[in-house]
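Engineer: Chain by chain, the residues run as shown.
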Amino acid sequence: MDCNQYKRAVLGEPLLLRPEHETLELRAHRESCQACREYAERALRFEARLQRALRVEVPVAGARAGATGRAAADGASAEAAAATVAAAEGTAAEGTAAEGTAAEGTAAEGTAADAAAVSSARVLPFRAKPRSAAATPPFSRTAWRALAASVLVAVGVAGALFISAPASSLAADVVSHMAGEPQAWRVTDVAVPDPALEVVLRDSHLRLGNGAGMVSYASSCAFRGHIVPHLVIQTAAGPVTVMVLVHESVAKAVPFDEQGYRGVIVPVPGHGSLAVLTRAPGAPGPGTESHAMESHAIEQIAARVEGAIVWTG
Amino acid sequence: MKDQVGGNQKRDRFQALCQSLRPDLLRFAFWLARDRALAEDVVQETLLRAWKSQDSLKDEAAAKPWLLTIIRREYARTFERKRFVTVDVDELIAREEPMLAAAEDQEIAELRAAIFKLPDEYREPLVLQVLMGFSTAEIAAELNLSGPAVLTRLFRARKQLRALCGEDVGADPQDDDGAADDHGPEDDDGL
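Residue numbers (numbering that gives the first Met the number 0), protein chains in the order written: chain A, 0 to 312; chain B, 0 to 190.
Honestly, the hints are just simulated from the structure, not real lab data. All of these numbers come straight from a predicted model, not from anything done at the bench.
Covered stretches of chain A (in silico footprint by chain B; criterion: 3 or more residues with CB under 8 Å from a CB of chain B, positions within the stretch not fixed):
(1) 2-9
(2) 43-53
Some but not every residue of chain B turned toward chain A, in silico, with C-beta under 10 Å:
(3) 24
(4) 30
(5) 35
(6) 39
(7) 111
(8) 126
(9) 129
(10) 149
(11) 153
(12) 155
(13) 171
We put the beta carbon where it would ideally sit given N, CA and C, even for glycine.
The task is simple: from the sequences and hints, build the whole structure.
Structural biologist: Rendered as structure tokens:
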């Protein structure tokens, strides 16, 4: 293998730069060629930036009614209209945290039509009623029930927001973020290459010392308007996710246990906070077989990670 | 009664599955369409179609490629439904500026603008590989290309991106040095 072949291979498939995917041929060339070693490091850094660039911040579910709301309003999609009604009914009864987030937008907008549309945007494909229900006139009894349910949802959410402390909504946001990256929870013994980890941590002005444990996943993630490091550390009890939230402060440690995730957000004086969480056994996806981790164990890991962080700015 | 419980469980499971994949589906649609509003509509329609034909999904592990295929078809359908005027890519970038901007990081914003400027045939495999974690073989199957053709497109995509971002590309290999042409699977003898 010559330098051109090496570079072509890694530009086409940078995954080959990772130790677990690197072929013997590539490895032999990298180890014998200083220029290609440097090229590989630059390619890894570029790849981390590319990954970060592609992960644009997307609107939370329900922030925009979208096609469904319009389809329902136009009467263009019978099932969409039916689903809108069903969603509004279902939301009041279920009231999950995720639904609460979406309904927040509903309350702010303040119109019943928007409320129904927003509800539908979140759950539209999953609440469809039989086609006949869609033929119901706009202000039928069902529609009034939907309207009433939407108002109830808005009131309920407003109440919940009033009661809940900011920290608990922070926990909910952390948990919501986890749903977008299920692949991160894999149990593995393959560490993220140092240059890639360095890029992820650099923007938050930190480095990670050896005491934290093996980092198997590192990504720069959009979270509450900021890019934050999202790491997965492999522990004896299974993978643990750490989010370094330099822009979020909490007054004291906030344990949480919701939607199959158990964790704690701990204050880091002068540097925001640290969210450390694990998944409950039986939760869907990889990596949940072996770690029924207790809160105190998670807090110990949080302390260990915090101790391993070296702040560079 | 038992059937209804089973149906509810199935529905909830499918809902959870789609909810967990939704952020990446939106991102994929956004990079495909380079239009946030259109991306949201495409994903919405995709989830609706997926719900209607969920029985055809036999294996949950295949949900992601399945949904991506629907997104690509749904996006293609938007061209059947309406005629798009030609828009300058700089106008697209300006229009989507809030989406492309990265807090406190001009480098990332520039890289995003550069991705917008990539031709569709380079941008799509790149997004499938980097964002969606597809292997070369999976991209080849999705785009109906040969493996070598996919690698060539990915190589060219990165090369163009690096040049657009002002990276030092002096050490990059030449494009005509052994790269496979963009042939379909039937011509899969490029490398």
